[in-house]
Amino acid sequence: MTRGARSDEGAEGARQRASARGAADRVAVPPEPHETEPAESTMRWFPPRSEGANVLGIETSCDETAAAVVGNGTDVLSSVVSSQVDLHARFGGVVPEIASRAHVDLIGPVVADALGEAGVELPELTAVAACHGPGLAGALLVGVSAAKALALVADLPYVGVNHLEAHCYAAWLEEPDLTPPLAVLVASGGHTLVVVMEDHGKYRVVGQTVDDAAGEAFDKVARHLGLGYPGGPLIDALARDGEPDAIAFPRAMPGEPDFSFSGLKTAVVQHIRKHPDGNVADVAASFQAAVVDQLVDKLVRAADEAGASTLVLGGGVAANSRLRARVEEVAAATGRRAFLPPRDLCTDNAAMIAAAAWWRLQADGPTPLDAGVAPSLSL
Amino acid sequence: MLVLAMDTATPQVAVAIGDSGAVRGEVRVVGGRRHAEQLAPAIQYVCAQTGVRLDQLAAIAVGVGPGLFTGLRVGVTTAKVMAQALRIPVVTVPTLDLVAYPLRHTRRMVVAVIDARRKEVFHARYRSVPGGLQREGEYAVGPVGDLIADLEAGGEEVLLAGDGVARYRSKLADLERAEEAGPAFDMPSVGALIELATARAEREEFTTPWEVHPLYLRESDAELHWATPR
Ligand SMILES: [Zn+2]
Numbered sequence: 001m002t003r004g005a006r007s008d009e010g011a012e013g014a015r016q017r018a019s020a021r022g023a024a025d026r027v028a029v030p031p032e033p034h035e036t037e038p039a040e041s042t043m044r045w046f047p048p049r050s051e052g053a054n055v056l057g058i059e060t061s062c063d064e065t066a067a068a069v070v071g072n073g074t075d076v077l078s079s080v081v082s083s084q085v086d087l088h089a090r091f092g093g094v095v096p097e098i099a100s101r102a103h104v105d106l107i108g109p110v111v112a113d114a115l116g117e118a119g120v121e122l123p124e125l126t127a128v129a130a131c132h133g134p135g136l137a138g139a140l141l142v143g144v145s146a147a148k149a150l151a152l153v154a155d156l157p158y159v160g161v162n163h164l165e166a167h168c169y170a171a172w173l174e175e176p177d178l179t180p181p182l183a184v185l186v187a188s189g190g191h192t193l194v195v196v197m198e199d200h201g202k203y204r205v206v207g208q209t210v211d212d213a214a215g216e217a218f219d220k221v222a223r224h225l226g227l228g229y230p231g232g233p234l235i236d237a238l239a240r241d242g243e244p245d246a247i248a249f250p251r252a253m254p255g256e257p258d259f260s261f262s263g264l265k266t267a268v269v270q271h272i273r274k275h276p277d278g279n280v281a282d283v284a285a286s287f288q289a290a291v292v293d294q295l296v297d298k299l300v301r302a303a304d305e306a307g308a309s310t311l312v313l314g315g316g317v318a319a320n321s322r323l324r325a326r327v328e329e330v331a332a333a334t335g336r337r338a339f340l341p342p343r344d345l346c347t348d349n350a351a352m353i354a355a356a357a358w359w360r361l362q363a364d365g366p367t368p369l370d371a372g373v374a375p376s377l378s379l
Numbered sequence: 001m002l003v004l005a006m007d008t009a010t011p012q013v014a015v016a017i018g019d020s021g022a023v024r025g026e027v028r029v030v031g032g033r034r035h036a037e038q039l040a041p042a043i044q045y046v047c048a049q050t051g052v053r054l055d056q057l058a059a060i061a062v063g064v065g066p067g068l069f070t071g072l073r074v075g076v077t078t079a080k081v082m083a084q085a086l087r088i089p090v091v092t093v094p095t096l097d098l099v100a101y102p103l104r105h106t107r108r109m110v111v112a113v114i115d116a117r118r119k120e121v122f123h124a125r126y127r128s129v130p131g132g133l134q135r136e137g138e139y140a141v142g143p144v145g146d147l148i149a150d151l152e153a154g155g156e157e158v159l160l161a162g163d164g165v166a167r168y169r170s171k172l173a174d175l176e177r178a179e180e181a182g183p184a185f186d187m188p189s190v191g192a193l194i195e196l197a198t199a200r201a202e203r204e205e206f207t208t209p210w211e212v213h214p215l216y217l218r219e220s221d222a223e224l225h226w227a228t229p230r
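Line order of the protein sequences matches chains P and E.
Heads up: the first sequence at position 345 corresponds to 345 in this note's numbering, and the numbers run straight through without jumps.
Heads up: the second sequence at position 195 corresponds to 195 in this note's numbering, and the numbers run straight through without jumps.
Hints in this document: simulated from the structure, not taken from any laboratory.
Since the structure is predicted, the reported quantities are computational estimates derived from the model, not experimental observations.
Built from N, CA and C at the ideal position, the CB exists for glycine as well.
Simulated DEER-style distance windows between Cβ atoms:
id, chain 1, residue 1, chain 2, residue 2, range
1, E, Arg-28, P, Gly-201, 36 to 42 Å
2, E, Glu-156, P, Asp-370, 44 to 50 Å
3, E, Arg-107, P, Arg-90, 47 to 53 Å
4, E, Met-1, P, Gly-228, 52 to 58 Å
5, P, Pro-123, E, Gly-145, 50 to 56 Å
Please put together the full structure from these sequences, using the hints given.
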């Protein structure tokens, strides 16, 4: 079977043809009357104005297309996040090829909005940064290519940023006076780890998941409960009507620094099968409690070991209400400070990329333009 | 009129600076699949060696595929973001045209074939017309066997070019009235991109940066395999 461009109808195909029109039918012929309108009407250019040590950050490692301008590593002048969650919802998870395609379409407008909201023109920036890993290879390539393109045009340094380091720096955006050492829990659909941040740029990964990420466990259990995607907020909401100790789900790997969620997920699935008419809210609440207990346990362990007096949360799972409450409680009980960035700084965003880039630039200088992406980068 | 051209839709990374349609400098690297690593330094080098500053450009030209999805996105993203920042328009040219155009002086039908992986090829057919080539039919993707059967049924003399030809040489050898253009025509020509794009830029056949989309021709795997909701 041969599939031509014509047969791939739908918005995407139509749009592709529209953009290739004029370029389409004749490869090269003598000039003729215009078939296409000269382009200017829909174009939005970067707006004028402003000063300061401002870094533009770009984040495209998963399913959020984001750009932000941050001054001096702490001052959020703008933070634009375009979520693709609706594009992936029917697949029950992030589809890499769909994410990569969406990033290509969204990157221009998102960058322009970030500069526009900040009131900063490209030449006034100090550097352009992009997340270069870890993440989906095809998705990372879009952000990195965009950042390098801007760096070329404005003759600015390019900085490639580690996504996990950036999650740690999200805390500084709210609280510029934080002092290391910090114990940071980064938990999302893509990663789950506890990091001790000894100083700027100095990290120790104390524990990480040996199987699923915490956010993945939420998604899978939500699917088995018939709740939908993404699972985190849905389970969080449902759990409010349930008893967290109704069902004794296992707390994996007690006393060890690493995380595991696949056993818990299996236990939940088996429970649902055995009790098809059971109380769904109790399942959600008990599952959530088991996840949160594990997360908090490892975070506190790491803080004890490192002598860290501040606990920090990052990643999408940090938006979970039980997790936030438990970390506050534990911090209060052990005389520590809990630092819980607001939801929009916990989930993937570009302000954290720009903040981390600011420190990286001072420590290491620019990243060479011939650097690529690192999909499995670790801290 | 100064134009910066780039195409990264195949294993080749190609960049050129053109002045009124003539190539002033060109960098081409084939293989390695290091598009994201090579493209920006190649642009920097070709600008430095031709003495052209980016703010002197009138337009940016980009090959929009079809081709390798990841490579393609590096070129398209770079071109559209640079154009947006420089406030200049983009000229888009399908990569298959860039394979066919250097063969515009033959009387035979030209068939451009780009390897699409998964035992498929992207392809399009062209015929010589005064001053260039005219495409016949659509840009298409499909199994190489289907293309061969179609060409056989057509019974016409054809000239084959593109990396899909090299990849499926043994299969294409069965075609009686076909000839392979040879290794010099395996990769899309960025010189052709300069020539074609400059002519279009002079006619103001522009695309705004945000309206530049890769020509994928193929849905993502998830969408292909998506039959009924779970
Ligand atoms: Zn993240």
